[in-house]
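Peer 1: Respectively, the protein sequence lines represent chains C, B, X and R. Here the first sequence is numbered in my numbering, starting from 436 and rising by one per residue. Here the second sequence is numbered in my numbering, starting from 436 and rising by one per residue. Here the third sequence is numbered in my numbering, starting from 436 and rising by one per residue. Here the fourth sequence is numbered in my numbering, starting from 436 and rising by one per residue.
Treat the hints loosely; a few may be bogus.
Remember, identical chains collapse to one label, so a pair may be satisfied in a single copy or spanning two.
[As the list claims (entries may be wrong)] Distance condition first, Cα-Cα at most 20 Å in a straight line; then the derived DMTMM-like pairs of lysine to aspartate or glutamate:
1) 794 - 483
2) 751 - 483
3) 509 - 476
4) 497 - 792
5) 609 - 842
6) 473 - 455
7) 497 - 525
8) 751 - 801
9) 751 - 775
10) 693 - 715
11) 456 - 567
12) 739 - 568
13) 473 - 779
What the hints contain is simulated information worked out from the structure, not anything from laboratory work. In this text, all values refer to a predicted model and were calculated from it rather than measured experimentally.
Protein chains: 4
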Amino acid sequence: CSHTSASYTDSSDDETSPRDKQQKNSKGNGDFCIKNIKQADFGRREIEIAEQEMPALMALRKRAQGEKPLAGAKVVGCTHITAQTAVLMETLSALGAQCRWAACNIYSTQNEVAAALAEGGFSVFAWKGESEDDFWWCIDRCVNLEGWQPNMILDDGGDLTHWIYKKYPNMFKKIKGIVEESVTGVHRLYQLSKAGKLCVPAMNVNDSVTKQKFDNLYCCRESILDGLKRTTDVMFGGKQVVVCGYGEVGKGCCAALKAMGSIVYVTEIDPICALQACMDGFRLVKLNEVIRQVDIVITCTGNKNVVVREYLDRMKNGCIVCNMGHSNTEIDVASLRTPELTWERVRSQVDHVIWPDGKRIVLLAEGRLLNLSCSTVPTFVLSITATTQALALIELYNAPEGRYKQDVYLLPKKMGKRHSPPTPSFSVSLYPSFSLALPPPTLPPSALFQMSMWPVFTCLRSMPTSLS
Amino acid sequence: CSHTSASYTDSSDDETSPRDKQQKNSKGNGDFCIKNIKQADFGRREIEIAEQEMPALMALRKRAQGEKPLAGAKVVGCTHITAQTAVLMETLSALGAQCRWAACNIYSTQNEVAAALAEGGFSVFAWKGESEDDFWWCIDRCVNLEGWQPNMILDDGGDLTHWIYKKYPNMFKKIKGIVEESVTGVHRLYQLSKAGKLCVPAMNVNDSVTKQKFDNLYCCRESILDGLKRTTDVMFGGKQVVVCGYGEVGKGCCAALKAMGSIVYVTEIDPICALQACMDGFRLVKLNEVIRQVDIVITCTGNKNVVVREYLDRMKNGCIVCNMGHSNTEIDVASLRTPELTWERVRSQVDHVIWPDGKRIVLLAEGRLLNLSCSTVPTFVLSITATTQALALIELYNAPEGRYKQDVYLLPKKMGKRHSPPTPSFSVSLYPSFSLALPPPTLPPSALFQMSMWPVFTCLRSMPTSLS
Amino acid sequence: CSHTSASYTDSSDDETSPRDKQQKNSKGNGDFCIKNIKQADFGRREIEIAEQEMPALMALRKRAQGEKPLAGAKVVGCTHITAQTAVLMETLSALGAQCRWAACNIYSTQNEVAAALAEGGFSVFAWKGESEDDFWWCIDRCVNLEGWQPNMILDDGGDLTHWIYKKYPNMFKKIKGIVEESVTGVHRLYQLSKAGKLCVPAMNVNDSVTKQKFDNLYCCRESILDGLKRTTDVMFGGKQVVVCGYGEVGKGCCAALKAMGSIVYVTEIDPICALQACMDGFRLVKLNEVIRQVDIVITCTGNKNVVVREYLDRMKNGCIVCNMGHSNTEIDVASLRTPELTWERVRSQVDHVIWPDGKRIVLLAEGRLLNLSCSTVPTFVLSITATTQALALIELYNAPEGRYKQDVYLLPKKMGKRHSPPTPSFSVSLYPSFSLALPPPTLPPSALFQMSMWPVFTCLRSMPTSLS
Amino acid sequence: CSHTSASYTDSSDDETSPRDKQQKNSKGNGDFCIKNIKQADFGRREIEIAEQEMPALMALRKRAQGEKPLAGAKVVGCTHITAQTAVLMETLSALGAQCRWAACNIYSTQNEVAAALAEGGFSVFAWKGESEDDFWWCIDRCVNLEGWQPNMILDDGGDLTHWIYKKYPNMFKKIKGIVEESVTGVHRLYQLSKAGKLCVPAMNVNDSVTKQKFDNLYCCRESILDGLKRTTDVMFGGKQVVVCGYGEVGKGCCAALKAMGSIVYVTEIDPICALQACMDGFRLVKLNEVIRQVDIVITCTGNKNVVVREYLDRMKNGCIVCNMGHSNTEIDVASLRTPELTWERVRSQVDHVIWPDGKRIVLLAEGRLLNLSCSTVPTFVLSITATTQALALIELYNAPEGRYKQDVYLLPKKMGKRHSPPTPSFSVSLYPSFSLALPPPTLPPSALFQMSMWPVFTCLRSMPTSLS
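Kindly produce the complete structure, drawing on both the sequences and the hints.
Peer 2: Now the structure itself:
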């Protein structure tokens with residue numbers, strides 16, 4: 436699992452709930468709740484590894500720490516607690532912010548990293564394997580503290596925002612803005628806005644300029660291979676694979692598997708994407724035409740019940756089934772929970788589902804996202820998102836009265852459009868010391884003011900390029 | 436040249452201007468002006484070859500010829516006169532239209548095709564190598580005819596539209612609409628519209644849904660290889676190439692040359708495109724870093740003077756220089772017209788420019804578009820555009836009073852966006868017999884009404900797919 | 436590690452040496468020595484997973500188990516003890532052989548698999564983390580048994596053969612032959628043969644027809660990605676990589692990384708391979724030209740000290756260094772064991788080596804083979820080798836007196852040569868019931884007699900092909 | 436056509452046989468027989484273009500012209516008369532040789548090049564479109580000259596050698612050796628040798644070290660695209676293609692078409708090549724499974740009648756059929772010469788064969804080699820062969836008495852084998868001034884003596900490499 440891949444030391448059988456333990460770091464600070472403070476050293480090494488691949492964030496940290504553009508900011512955050520998040524939190528801290536943090540998913544905390552953060556003085560409330568009750572308890576501990584009120588929210592999924600709306604609506608009076616990263620969270624914000632209930636400005640980081648290409652195409656091109664290898668050790672060469680859906684995720688999966696020597700079929704209902712698949716050399720099929728012969732089935736449609744029981748019944752023995760799409764319901768896993776089928780857990784994230792005649796299919800991550808469950812999101816990609824989050828916080832926190840209304844703001848979305856006049860987005864008069872130094876001198880002046888480009892520029896500097 | 440590649444029989448040295456000849460086809464009809472009616476048979480074969488690769492247009496012809504949706508339409512056209520255009524014209528005719536046609540470029544007429552059209556009864560006024568005066572004379576002959584007035588315009592570049600505005604403004608009273616295909620022509624229409632001078636509805640076919648991907652990415656991926664081979668026979672394997680610009684055209688060029696074993700460098704000023712180049716495995720450079728070492732220089736930036744004299748001076752002996760971009764000024768060819776440099780025409784479209792020290796560079800098509808001058812645009816791609824043009828004519832001609840104002844209408848532009856709610860464009864209540872049969876039953880109902888998808892669907896049917 | 440990737444249950448801290456334990460399986464049999472018999476169930480599942488990807492071996496098992504071509508064979512084996520080996524051993528057993536087995540590497544035993552084998556009645560003497568003394572003790576336990584003498588040897592590396600030569604030379608009187616898989620072991624056999632000391636026939640399985648392409652090109656194309664991801668989670672897109680050596684291994688590494696969007700440089704001293712690299716689109720460099728700028732360095736030359744301290748000193752911060760070649764000395768790791776450098780073990784198989792100025796390089800597997808240490812060899816590939824081993828055992832065991840002398844025999848080596856007259860190798864009159872049914876009827880009759888093709892045919896049957 | 440691609444000026448309708456004309460060049464020399472001496476200027480430009488892409492040969496010319504290693508050599512040659520051959524002939528001349536030359540194929544002479552050679556003083560006897568009688572007359576004119584006897588033969592196909600054997604057997608007394616380039620010619624030489632009738636040493640240049648990879652894999656990877664485009668302008672993206680045979684030629688075709696977005700199927704009977712096709716991601720089929728659905732059929736098996744009438748009958752309308760293999764009989768073209776089928780020549784090298792129901796297939800080059808008929812062999816590739824021919828002439832001419840017997844000598848054949856001990860072939864004590872300077876200093880000393888590597892080294896120097 437992305438978030439557990441590094442948890443090699445985490446085999447302890449300590450079953451005591453973290454909530455029941457008395458916890459203190461080496462400096463006597465106890466304002467946190469995590470699994471095991473002793474893992475801090477190991478977590479620190481993971482954070483150091485992550486720093487190597489997050490050049491944009493480290494550059495931001497270096498540049499802005501003198502001026503402390505977040506001085507006075509009290510950020511409450513709710514995200515996956517990973518080494519990459521730790522680099523973000525320590526950057527925010529270097530820029531002057533105070534941070535309190537909970538996990539946005541009950542399984543996704545890297546306990547060692549949480550330990551390293553707690554040891555470093557951060558108020559972290561998170562561990563791997565929280566209960567539902569633990570989950571909300573942790574969030575509450577972040578916000579419900581005497582003498583401390585957050586003035587910024589960094590959310591991933593909207594649960595933290597939702598909790599404050601529900602329990603502490605008055606808190607919004609002091610809150611300058613929300614930065615939200617996920618599809619779901621952004622959707623919730625738009626609903627609030629539509630209903631006239633959004634009471635602070637919000638930044639939609641999900642639809643940032645680089646997310647579609649990076650989080651989807653380039654990232655999935657690598658994680659489909661990684662996820663399949665780590666779980667099944669399957670050889671790709673010569674395998675027949677059907678990829679359901681030819682959006683950015685599907686394009687990435689198809690390109691990678693084709694390069695490894697698989698024979699790839701595509702299903703697609705959108706005519707443009709279908710034609711793209713054809714022009715890229717993939718045979719367009721209906722799932723039922725190839726389901727009997729393929730070795731691997733991958734879903735990335737964003738739709739429900741793409742692989743239904745009927746198809747699962749017809750797959751050949753040993754067929755691997757996994758999901759790379761947005762939803763957990765692309766594979767109708769529920770339909771496999773019937774008495775005549777035997778489930779056998781053969782490895783972590785790998786189940787054999789066995790038919791009465793002995794046929795078995797290999798189901799990965801129980802149909803959840805393979806790239807999150809069984810692979811890692813490259814730090815490099817997370818770095819871009821994390822830098823954008825930091826910049827959005829800086830902007831919202833420093834924006835003059837009235838620049839942002841109680842609305843959801845978008846970063847410029849244009850992808851692959853060249854020569855378009857740059858739309859100076861929210862960043863024109865941004866915290867000024869940035870704009871000066873950011874872009875390489877070879878870029879057109881208009882680019883100087885596109886703050887949302889900054890993470891991209893910084894990435895480019897670490898690339899084999901001469902732009903910088 | 437795209438438009439001359441088939442002109443194998445065209446070596447005649449007949450210097451008499453077509454305007455000075457008495458012309459008649461085998462049925463005694465003389466309402467045309469072309470180079471040589473005797474080439475009609477050869478042109479007919481070229482048209483038949485083209486029909487093979489234009490499934491969408493042939494399907495449209497077949498489907499609609501019973502109902503004659505263009506009955507009564509008098510279409511005046513001004514486009515490249517090629518085999519593909521001939522298939523379009525004969526389709527329009529099958530749908531009930533009368534056609535009169537001129538060339539939109541003085542060099543681009545395939546004389547044999549023009550002959551076949553004239554022999555078939557079309558009023559065509561075009562030949563390869565028209566003078567400026569001939570050009571406007573031909574256009575005028577199309578529109579200025581006693582007892583016949585056009586009611587539809589099909590233009591490519593806006594010259595025909597411009598001529599009517601200038602000479603016969605009253606003609607617009609009977610004209611139901613303009614269909615325009617080129618960037619330039621569309622730009623002119625928007626200017627007219629902005630100035631309040633557009634007096635009929637216009638359809639912008641240039642920005643149709645498939646154009647960006649097909650005319651650029653997929654098409655250039657093939658034509659860059661074709662254009663270089665036909666002119667220079669260069670081996671691609673092991674060559675060092677710099678591609679200036681990583682938009683859709685650059686992406687296509689880079690992908691093709693990489694696949695052929697070239698080592699490809701990219702220059703790019705847009706940060707997103709630059710990052711895409713990096714993630715696709717191309718080394719990002721400044722032109723001056725690699726100009727001394729590369730074997731081939733390709734421009735596709737859309738900018739002016741990308742390859743200036745200074746760079747040309749520093750290229751190595753034998754370096755090939757060509758342009759795949761929109762503009763003819765990406766290579767500063769004018770700077771090479773100086774006394775100390777010797778020009779030697781070594782083949783059609785190939786010049787050696789020789790420096791005093793004996794160094795020679797190989798300049799293709801004098802810096803004009805390689806893919807138009809030295810390669811062919813695949814009929815398959817032209818088929819999509821031509822079908823869209825035909826559909827736009829049908830729609831504008833049949834639209835009920837008031838559906839279209841005196842404005843420029845766009846086809847839906849979304850590319851690669853999946854799951855977006857289809858914007859029922861101009862076609863919702865389109866000429867109804869189409870909508871019934873078009874989309875395959877597996878498509879979502881909303882798609883039924885996206886007329887602009889029809890050419891794509893029809894293409895898909897000729898693809899290795901099971902959608903239809 | 437290839438051999439530990441599945442050892443998820445193996446976190447026990449039981450430090451008692453297996454040699455000191457009283458061991459029995461559930462049937463009371465105690466003729467084995469392994470880590471923990473309780474892991475047998477988990478190991479059985481791993482074996483079942485492996486069976487799915489070993490179609491050739493399973494087909495052989497199915498076909499030959501009626502006739503028991505190895506009835507009476509007493510095979511002593513010394514190989515990696517993995518799930519794939521278990522499938523081989525159980526196949527040999529199904530064909531009639533008795534087996535006793537030790538590990539050929541002190542780290543490479545999958546304890547769970549050893550447990551499953553012991554539980555299934557095999558006499559296995561192996562565990563992960565043997566001492567040097569344990570290693571020879573285990574081998575000795577395989578051969579030194581009252582009332583049982585081996586008549587066949589299956590070796591990987593030559594240690595078992597060596598041990599018998601040294602301790603029990605008389606045993607060779609009853610031994611019908613040796614099947615050896617490794618480069619080293621084959622080298623030793625040729626030396627013995629040259630010295631006139633080889634006293635039984637031997638089969639060189641290492642140089643079998645498919646090994647070069649499969650174990651090298653196709654296998655490394657996948658394992659380079661897998662090995663790098665599992666250890667470093669590095670994103671490949673946009674990274675600069677230098678691959679030292681463009682033999683089959685290098686070709687595989689380069690193809691994979693290029694496909695993932697890396698910019699790949701190649702060093703090569705052989706002119707033919709160098710020209711191939713050029714024609715495949717890789718920039719040929721000397722290591723010192725790019726060593727400062729690359730993100731990843733991969734060695735696969737087969738030579739010593741390709742990456743010496745001088746180069747390591749000049750690498751940039753965060754550079755990843757690993758070895759995919761035959762030898763463990765391609766990277767001069769010894770030169771890094773100096774006082775001014777700090778080593779930090781950040782994960783299993785991952786060391787940070789830190790320079791006094793803080794620069795750190797990421798050294799994988801301490802310079803040992805990445806594909807063995809940090810990735811897995813796909814079962815599919817191992818299947819071909821294992822099937823060849825089984826066939827070689829069958830042939831040597833059943834060969835009529837005098838067919839094989841005291842020499843090393845080669846399987847036909849021709850690779851990629853088409854239409855060559857098949858050299859009926861050792862298999863012409865092979866155990867006859869095979870030859871009848873093996874090849875698909877579409878193959879030329881001559882192929883019927885190429886036994887070494889059998890594993891390939893069987894693989895093809897599991898491929899997307901219509902040959903069978 | 437490869438040999439006519441440059442013949443733009445050659446549209447003259449002069450039907451007088453060159454044999455009947457009085458011919459003189461501008462210096463009054465008339466010892467040649469060609470089509471039209473007036474085309475010399477155009478031919479000279481073609482030769483200059485070719486020189487750009489023949490670095491090895493030009494380097495050889497430069498290096499050796501001072502020492503004149505061929506001084507006194509009287510070379511009679513019989514090859515394709517192309518710009519590349521002209522560069523070879525002028526190099527031989529610069530090295531001291533006298534040359535007389537005829538064409539090895541009645542269609543393959545570039546008339547302009549022949550003119551340029553004649554103008555430059557070479558005794559060339561060749562024109563495009565010779566009759567059978569002309570062919571032998573030209574050869575005879577090369578050898579049957581009073582006061583001049585050849586002492587070296589450079590042959591391509593063996594016709595010249597055959598003629599001398601038949602008509603002037605005594606000539607062999609003065610002949611020092613034969614250099615032969617073609618499969619057929621080499622085959623004839625081996626037959627002579629076997630029969631004890633070979634009376635001079637011969638060099639087999641056909642099987643030189645680089646030929647397999649370059650003339651096949653790398654060359655066909657480019658020429659399949661070029662040949663298809665020039666004849667049909669077909670778009671590759673989305674097309675379904677079946678490639679018959681997966682040897683080096685097939686591998687090149689498949690790689691190129693896959694990269695262009697075609698869906699490629701492979702037929703193959705050799706199991707190793709079949710498995711390679713699978714591992715490279717191609718679907719292995721029998722021809723009859725896909726023949727109804729594919730858009731393009733390409734043969735490269737080296738076998739006869741791969742595409743028989745039955746398959747041709749079942750192809751779909753518009754299917755393109757062509758041959759890239761060695762033999763002209765892979766497609767059973769003869770079976771199409773039946774009354775019910777109509778042949779229509781639509782372009783040079785392109786026939787439509789039309790069935791009674793109107794279905795037409797597009798047959799290229801009447802089933803002859805597409806890459807020779809409709810594409811060009813890149814000069815770069817020809818350069819390697821031509822340089823090898825020149826070196827072989829130098830070696831045979833300068834070899835001390837007795838080094839070579841009356842036998843056929845092979846250049847080292849090893850391909851892609853690295854680290855093999857270099858077999859110092861015939862070149863150890865070769866014309867000594869070469870060996871000194873040739874190889875880059877980084878190469879192992881043993882390489883110094885591999886003369887056959889020289890063309891490769893020289894190519895590498897023109898590549899993006901730092902070896903030199």
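Peer 1: For each hint, tell me whether it holds in the structure or not.
Peer 2: Against the structure, the hints come out as follows:
1. 794 - 483: Intra 46 Å, inter 12 Å, cutoff 20 Å: inter-copy only.
2. 751 - 483: For residue 751 and residue 483, only the inter-copy Cα distance (16 Å) is at most 20 Å; the intra-copy one is 45 Å.
3. 509 - 476: neither (27 Å within a copy, 52 Å between copies)
4. 497 - 792: Result: close only across copies, 18 Å inter versus 62 Å intra.
5. 609 - 842: Intra 16 Å, inter 49 Å, cutoff 20 Å: intra-copy only.
6. 473 - 455: Intra 17 Å, inter 34 Å, cutoff 20 Å: intra-copy only.
7. 497 - 525: The answer is within: 12 Å in one copy meets 20 Å, while 61 Å across copies does not.
8. 751 - 801: within (18 Å within a copy, 41 Å between copies)
9. 751 - 775: within (17 Å within a copy, 47 Å between copies)
10. 693 - 715: Both, since 10 Å and 9 Å are each at most 20 Å.
11. 456 - 567: Within one copy, since 19 Å is at most 20 Å while 45 Å is not.
12. 739 - 568: For residue 739 and residue 568, the Cα distance exceeds 20 Å both inside one copy (29 Å) and across copies (59 Å).
13. 473 - 779: between (35 Å within a copy, 18 Å between copies)
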